[in-house]
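2 protein chains.
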Amino acid sequence: MSFNIARENGKKRVVIVGGGFGGLKMANELSKSGFQVVLVDKNNYHQFPPLIYQVASAGLEPSSISFPFRKIFSKTEVYFRMGEARLIYPERNILQTSIGKVEYDYLVLAAGTTSNFFGNKHIEEEAIPMKTLSEAMGLRNALLGNFERSVTCATEQERCELLNIVIVGGGATGVEIAGALAEMKRYVLPKDYPDMDNNLLQIYLLEATDRLLSGMSKESSEKSAEFLKSMGVKVCLGKKVLDYQDHKVILEDGTEIPTRTFIWVSGVRANAIGNLPENVIGRGGRIKVDAFNRVEGFSNIFSIGDQCIMLGGDPEYPNGHPQLAQVAIQQGKLLAENLLRQEKGDPMKPFHYKNLGSMATVGRNKAVAEFSKVKTQGLIAWFLWLVVHLRSILGIRNKVSVLLNWMWSYLTYDRSFRLIIYARKAKEVVDREKREAEVHWGD
Amino acid sequence: MSFNIARENGKKRVVIVGGGFGGLKMANELSKSGFQVVLVDKNNYHQFPPLIYQVASAGLEPSSISFPFRKIFSKTEVYFRMGEARLIYPERNILQTSIGKVEYDYLVLAAGTTSNFFGNKHIEEEAIPMKTLSEAMGLRNALLGNFERSVTCATEQERCELLNIVIVGGGATGVEIAGALAEMKRYVLPKDYPDMDNNLLQIYLLEATDRLLSGMSKESSEKSAEFLKSMGVKVCLGKKVLDYQDHKVILEDGTEIPTRTFIWVSGVRANAIGNLPENVIGRGGRIKVDAFNRVEGFSNIFSIGDQCIMLGGDPEYPNGHPQLAQVAIQQGKLLAENLLRQEKGDPMKPFHYKNLGSMATVGRNKAVAEFSKVKTQGLIAWFLWLVVHLRSILGIRNKVSVLLNWMWSYLTYDRSFRLIIYARKAKEVVDREKREAEVHWGD
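So the sequences go chain by chain: A and B. Quick note: the first sequence uses numbering that gives the first Met the number 0, first residue 0, plus one each step. Quick note: the second sequence uses numbering that gives the first Met the number 0, first residue 0, plus one each step.
Heads up, some of the hints might be wrong.
The list makes no distinction among identical chains, and a pair is therefore deemed to hold if it is satisfied within one copy or across any two copies.
[Stated by the list, open to error] Simulated crosslink set (DSBU-like; lysine-lysine; CA at most 30 Å straight-line): (1) K100 - K190; (2) K247 - K190; (3) K332 - K374; (4) K238 - K426; (5) K343 - K228; (6) K120 - K374; (7) K332 - K41; (8) K130 - K41; (9) K372 - K433; (10) K374 - K31.
Honestly, the hints are just simulated from the structure, not real lab data. Small disclaimer: the values here were computed from a predicted structure and weren't measured.
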């Protein structure tokens with residue numbers, strides 16, 4: 000296996016690992032720049048994480064919030080390769096991936112984060128994460144399957160486990176999925192399961208700190224908790240999860256909550272790449288970069304977005320930036336510009352994050368939003384949230400699809416995608432995955 | 000586990016196994032009839048098989064051609080249970096399923112068919128079937144994955160295997176998927192893979208008999224072959240597949256065709272149910288029924304649709320009916336009526352299939368259709384095909400979704416759903432599947 004990309008005369012090669020918000024922005028900015036751009040991603044599509052919770056709660060199809068890279072790049076000169084980055088040989092300027100080696104002149108690590116289970120292998124094995132589309136589809140399937148089984152199970156104890164939902168993590172994702180499931184409980188389940196005792200289904204949102212949405216203002220935190228409570232969600236602050244055993248979530252204070260739908264959205268950890276020196280790995284596995292997103296100690300390796308941490312580089316954010324889409328996009332844009340400047344012999348510009356605001360939605364007509372000077376909650380925030388997210392989705396087809404689905408759900412109170420379905424894995428695919436999993440140190 | 004359905008005073012219970020065209024029709028007809036109706040299906044959704052090939056070829060999403068049973072039945076009194084039928088205890092009027100036992104007064108077997116590999120375990124393991132939505136999604140994933148790997152593979156031999164597509168079976172499904180893939184090759188791949196040598200990708204359609212669409216007229220067979228050839232498909236008639244080894248399809252005449260996309264749509268076999276006497280199982284595993292769809296030798300067990308065969312019951316079809324949606328629908332409708340007649344003490348009516356015609360689509364503006372006296376090919380047939388299928392899809396939302404997707408694809412020549420994605424299976428689901436797989440003879 001190899002990348003099968005010929006070097007072009009006089010063109011330096013930029014290899015970007017990861018096609019999330021940061022990597023994609025950078026690839027597009029550099030697509031007609033005189034660089035040969037290669038983007039490597041383990042998926043063949045760009046996904047839109049802010050709406051993944053709607054896939055999990057059966058409101059949207061995965062295809063509505065994802066976009067094939069080859070379609071994105073079909074009118075550019077960017078090379079796409081589907082594969083997983085494994086490690087770097089910095090002295091030889093080579094990146095090793097699951098599909099072979101590729102030489103780079105500039106390497107940009109933009110591989111984002113994965114769920115953080117804080118070392119608890121037990122929770123890692125049992126909990127249902129919701130970071131990727133694949134995980135969201137798995138959660139949807141598990142959730143709907145549990146509802147089905149609650150109808151035919153043998154004991155009240157089991158019924159209680161099957162219906163209870165425990166969400167761990169009170170960030171935006173936790174708040175949003177809790178709200179979406181509360182609406183499903185209220186509007187969809189009574190129709191679907193006329194003989195289900197709706198009171199048995201309880202939605203718990205557990206947060207270890209003393210407030211939800213810690214990235215936003217106190218006002219937004221309180222309002223979102225209030226919204227959720229009004230929708231019937233049991234919001235439990237200051238509750239730390241210790242373990243999950245025998246279908247029970249065990250809290251630090253000794254409380255046990257029975258559930259078979261144990262959703263883990265309690266923090267992230269940067270995706271790892273092999274062979275970087277230990278001293279460049281910071282908090283949460285993030286790669287330490289300077290003000291130009293250059294990995295400490297390297298001249299041609301960069302990292303952007305959630306995967307990196309810029310300590311002291313941006314005066315307003317001495318401890319690093321929040322892990323948000325906007326940071327990644329702005330870093331991707333600036334780094335593209337900086338590489339071009341460097342080629343021309345101009346000095347690079349340091350990164351300064353421009354905070355465009357943040358928002359989270361809780362349910363119908365209920366959201367919280369804050370911008371530099373304005374804070375708003377409720378209907379206006381909800382409407383702003385819709386517009387901002389719709390604008391950000393790639394492609395007309397996807398925008399139309401999301402808009403139509405939202406309108407349909409709003410008018411009918413329905414969730415259209417209540418299918419329990421797994422794609423059958425062909426043997427050829429299983430075999431290939433085994434082969435590629437073995438590629439590590441050489442091929 | 001149990002079905003948890005209480006007997007209602009004076010209501011006899013009809014248990015229907017399978018919610019395909021026949022089972023669903025029957026459930027709906029009986030929903031307000033004075034019977035207690037229980038429908039068991041292994042999926043939580045009704046699917047629309049005629050368009051499954053469009054899911055496989057990335058033209059439609061699974062949700063567009065499937066519909067949750069609980070939504071269908073939400074305004075009726077039909078009980079839905081998700082589970083797999085295992086065997087019957089006729090002397091006790093009990094059906095054993097993966098989720099427990101259920102007692103019946105009338106049992107209706109409408110579980111349809113599965114792919115027939117004619118006993119070749121090797122082919123069964125390696126080939127990619129396309130009977131269910133799950134299989135269609137698996138095929139889509141495998142196909143797109145093979146295209147991706149064709150870009151980075153090491154040898155010409157492997158590239159050839161990854162790009163060649165071999166479809167075995169020249170019935171409607173084989174013809175339709177061949178046509179859809181030919182259009183993908185022509186319109187989508189050159190844009191997605193500018194550096195792919197399109198000539199390396201060959202689509203073979205292998206059929207053991209001497210013509211395609213053996214259920215239709217010779218004229219339609221010839222026209223469909225002509226259409227496919229004009230689209231670049233290699234149509235090979237009279238070619239029997241013996242085996243698949245080392246990524247090669249081996250034909251009876253000794254020819255070998257290298258491929259890693261080996262699609263098997265070469266025939267079906269009725270789904271089996273345990274404990275029926277051997278003598279009621281006919282050709283292709285189909286359950287022998289009389290003119291009233293009653294299983295031979297039983298008074299309260301019936302079978303309808305593809306799973307059954309009516310030998311000698313319908314004078315026009317002495318050797319049984321073709322396995323088509325219309326047969327199943329008409330049988331489901333009549334059997335519902337007959338059960339009601341029987342309850343009233345009226346004699347049951349024998350079944351006579353009314354052939355409403357048949358059609359198959361090959362590509363843009365290309366289809367074949369025939370009705371009792373009219374045969375048509377090309378644009379008109381294609382348009383009829385669209386209208387008939389759109390009308391048959393359940394639910395306004397799905398109709399709109401399919402129509403918009405078709406219009407979009409027609410105008411843009413694009414296939415929107417080119418995502419390689421597998422839902423992550425939660426441990427709770429894996430555990431449950433293991434438990435339920437063990438339920439066989441008792442629980």
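Hint check results:
In this assembly of identical chains, the alpha carbons of K100 and K190 lie at most 30 Å apart only when taken from different copies (25 Å versus 54 Å within one copy). In this homomeric assembly, K247 and K190 come within 30 Å of each other (Cα to Cα) only inside a single copy, at 28 Å, whereas the closest approach across copies is 51 Å. For a Cα distance limit of 30 Å, the shortest separation of K332 from K374 inside one copy, 28 Å, qualifies, whereas the shortest one across copies, 60 Å, does not. Taking the shortest Cα distances, K238 and K426 sit within 30 Å of each other only across copies (24 Å), while inside one copy they are farther apart (44 Å).
Taking the shortest Cα distances, K343 and K228 never come within 30 Å of each other, neither inside one copy (57 Å) nor across copies (54 Å). Proximity of K120 and K374 under a CA criterion of 30 Å is satisfied in neither setting, with 40 Å inside one chain copy and 64 Å between copies. Only within a single protomer do K332 and K41 lie at most 30 Å apart by alpha-carbon distance; the minimum there is 22 Å, versus 49 Å between protomers. In this homomeric assembly, K130 and K41 come within 30 Å of each other (Cα to Cα) both inside a single copy, at 14 Å, and across copies, at 29 Å.
When the C-alpha separation of K372 and K433 is checked against a cutoff of 30 Å, the pair qualifies neither within a copy, at 53 Å, nor between copies, at 55 Å. In this assembly of identical chains, K374 and K31 lie within 30 Å of each other by CA distance neither inside one copy nor across copies; the values are 40 Å within and 54 Å between.
The structure shown violates the earlier hints numbered 5, 6, 9 and 10.
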